[in-house]
Each structure stands twice: as C-alpha cells, then as structure tokens.
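Next come the chains, spelled out residue by residue.
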Amino acid sequence: MSGMKPSQSIPDFEEINSPEFLEMLLAKGPTGQRAFARMVQGTHDRFLGFIRRQLPSQEECLEVLQEVYLAVHKGLPGFAGKSKLTTWIYSLAHHKICDRIADRDRGHKELTESREGSRSTENAGTDRWSGITSWDAPPDRLMARNAVEGLIGKAVEALPGPAREVYRLRDLEGLSGEEAAEILGITPENVRVQLHRARRQIVDWVQEKMAGVRNAKEPQAGGRGSET
Amino acid sequence: MSGLFYKVTYPCDKVRDFMYDYLDGNLPTVTAIRFHLHLNGCAQCREYLFLYKKAANAKEFRKEHPAPDALLASTLGFLEKEGVTGPEDDAPEEPFPKGNP
Ligand SMILES: [Zn+2]
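Residue numbers (my numbering), protein chains in the order written: chain A, 14 to 241; chain B, 14 to 114.
In case anyone wonders, no lab produced these hints; they're calculated from the structure. Hints may contain errors.
Subject to a maximum C-alpha distance of 25 Å in a straight line, what follows is the list of computed BS3-like cross-link-like pairs (lysine-lysine) [as the list claims (entries may be wrong)]:
(1) A:K109 to B:K72
(2) B:K94 to A:K222
(3) B:K94 to A:K167
(4) A:K41 to B:K72
(5) B:K72 to A:K97
(6) A:K87 to B:K94
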C-alpha cells in the first residue's frame, strides 16, 4: 500500500495527541512525512466514519477527508498544541461537512424550486436517512438487529441541527463536553443543555414510534389501563 | 398512582430532567433518593430511563465496519501526490526487481 510502513505500529489517538508525536509531525523532511502517514493510518477509519454518518456518498466522504488532511498539513505549523490534535481534526472535519451540506442544500433548494411540488416530504425524509445509514447497514437490517437501536439511529436524523451536532460529537463519537464545545464554538454548559435536550427528543421520538407499533399490533385492544 | 406519590417523589417530567445528572453521578443525595423512589413506582419513567441510557450510550452500538483498505490507500496516495507524505524513500528493496525478462 502506498506510504504504508509495516515496521511501524499504527498510533492510537493517545499517541497521536502526545507532544512527542506533534514534534515528529512538525519535523521537516522524511521524519515529518512518515509521522503524517502514520497519523493518517491511525485516524483514517475513525474520521471517515464520522464524515460518513453525515454525508451520503462514499466518494464525497473520501474527498472531504482528504481535504481535511490537507488542511491539517497546512495548519500544523500554526497549531502549536493549543488543544488535542484529534479535537482540532474533528473541528476541521466538522466545518468541511457543514460547508458541503450548505452547498448541497443550496443546490437542492434551486433544484426543488425548479421542480416545485414534485416530491413528497415523506420521500425526502427516507432519502436522507438511507443515505446516512448506508455505510453501516441498510435500515431494515438495523431494525432487525435491534429495533430500539435502529429507532435511535433514525431519531438522530429527526433532531434539530444544533442538538444533532452536539449529540453526534458527545454520544456517537464519545468526545468530552469540552471537546464538543471547542469544535462547535459554544460553551460546555450549552453543550450540556443541548445534549440533554437531544437525548430527551430521541427518547420521545422512539416512544412515539414504539407506541405506533404497539397500537398497530393491538388495534382493537380496548380496556387496557393507560397510565400517564 | 396517587397525587401524594408525585409530591413525595417528583412529577415524571422532573424525574426525566434529572436523568442527565443521574447518569453523570451528579445527583445530590436527597434528590437521588426521591429519584429512585419515583422510579420504583413508575414503570413509564423506568422505560424512559432505559431508552435515555441507550441514547446516551449510542457509541457502543454505533455500527462501525473498518473502511476498505483501498480507501486508506487512496488517501495516502493522494497525500503523497500533494507532497504531504512523500515517496516511500526508505522502503525495503524488493528482492527480485520487476521488469527483467
Ligand atoms: Zn414517572
């Protein structure tokens, strides 16, 4: 594989975030280049997964990730370890994704304006979801594996923008409140508020869907006590 | 459930708002006792807590298959072309160089 050095182990996030690794990355010549290649090997799948959960096509995701790595390379001399290196990369990826989504929404708006009224909202929702999940498994397979987990995945898509971004970084990527705050440019307290709101909205959404399924299974089951 | 139950413990909505701090282990002792009392007597909030925990632990069931090697190779090739990672200047030499008949 191009650039692969089998003799050197693939670094984990902890090693990548160490001052020693940053020093190697900043070194001129082959040392810096090798360190960069190792950093890519150690972060590629994780960041590709992060991007893939938000953008639909594999090609676009790979393109965005490559842009992110280029931006990392350009920005490294000014980075100076102000935060964790991986938090900074998340931040770059987050902004690139936002740019892509904004571009796509602009294009989508122009397209829908020219074909006004030709699509139903229900279909639009389904398209969006199938795009998001196709990386991992088709939605029906997710549902079969575990209905609740599948529903949570869908509920994330129904969240409003800010809550969804916070939820993705905190509960899906597992970043700390401070890291999420830094990436999104908001306070940790705001992260806390948005995250709780997101979780509650997810649970409400899932319960609503589960109630729908229960009602469909027991259409005439009157007389059941309903506690509130 | 009687109105007294909700007075002694909490209304359901309040219990659900405590779930964030409960998972973080940040509920003050007295609040935690009333929180647990409520959960003991309220099946809806128990189900709610189960789902809330699931939502908070989504990382554990996030489906993450490793990306195909070809994608990493593509990125490394791209970065090499951009001069970021450089050629494999110190790669071990191939024992049998190609190209000879
Ligand atoms: Zn309750």
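We went through each hint and held it up to the structure:
no. : hint            : result
1   : A:K109 to B:K72 : 22 Å, holds
2   : B:K94 to A:K222 : 50 Å, violated
3   : B:K94 to A:K167 : 39 Å, violated
4   : A:K41 to B:K72  : 37 Å, violated
5   : B:K72 to A:K97  : 20 Å, holds
6   : A:K87 to B:K94  : 15 Å, holds
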